[in-house]
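**Student:** Below, each chain spelled out in residue letters.
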Amino acid sequence: MVSIRPAQAFDLPAISALDRRLTGSDKPQYWQDMLGPDRHFLVAETDKGALAGFIAGEIRAWEFGQPAAGWVFAIQIDPRLRLHGVGTQLFEALVERFKAKGVTRVRTLVDRKDHLILSFFRAQGMVAGPSLQLDKDLS
Amino acid sequence: MKLQTGTRLGLYAVLELARDPERTLSAADLAERFGVSSHHLAKVLRTLATAGLVRGGRGATGGYRFTGNRRRTTLMDIVALFEPAPGQRAKEPGEDTDIGSALQRVLMEIDEIAEATLRSISLETMLKSKRSLATLGMTL
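Residue numbers (numbering that gives the first Met the number 0), protein chains in the order written: chain A, 0 to 138; chain B, 0 to 139.
Keep in mind the hints are simulated off the structure, nothing from the lab.
Only pairs whose alpha carbons sit at most 27 Å apart, straight line, appear in this in silico BS3-like list of lysine-lysine:
| no. | chain 1 | residue 1 | chain 2 | residue 2 |
| --- | --- | --- | --- | --- |
| 1 | B | K127 | A | K112 |
| 2 | B | K42 | B | K1 |
| 3 | A | K112 | B | K90 |
Given the sequences, and given the hints that come with them, work out the whole structure.
**Tutor:** Encoded structure:
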């Protein structure tokens, strides 16, 4: 059982450590910026006060010509606590915040080879959106 | 995207049986439900049984039931049983030319997106979205 609450500055070391462990990249400044006033940054906390996971997002209007939508930038769950609905609770809490701000769509970008996270968002009812992401190697 | 008939029948059969793992349905029951050949469906069910997704089917009227894991099995797992893997298909004439290889890169891009989509949808997710459609009074 976890509780969901807004992330605070004192959560950042645990958030950075969990993300570093799962992605292999260290980006404390990125997580610091997620505490900004326009961001929605939530943590899931166990009943013993440990970090179970986090989700970060923001409402953005007219990005890529699209009307306002809630964007999910990141979600990570402690692997030991997966398959217990923690990710779903975080996602639903973020969606409620987006809805309270009046947006009616939620979006994200996912690596198409990351089947785990793709399956998670599919299980939340997300489907392919109206945009195609394009990319070019500049090296 | 065009799927071979066997692939489509495999998806129909697995999804129908996975709706209720306690229920058994014969090849004839399933064929009638989807308006397809029971002979073709029986062959498809044998492939699904070899893969451990269904069990049963002794005799012409023997029933099959779902024995896989709804949360772990994706649409791609079923498709891969019936469709050739992208790297294993026969080379088409002209593929070695510059135009042929440029076209091949575009087709591979489409295949990769299709595969990512099929791999991201579990039977559980598929059946859940089907239930939500049913509550809206719609049919798939």
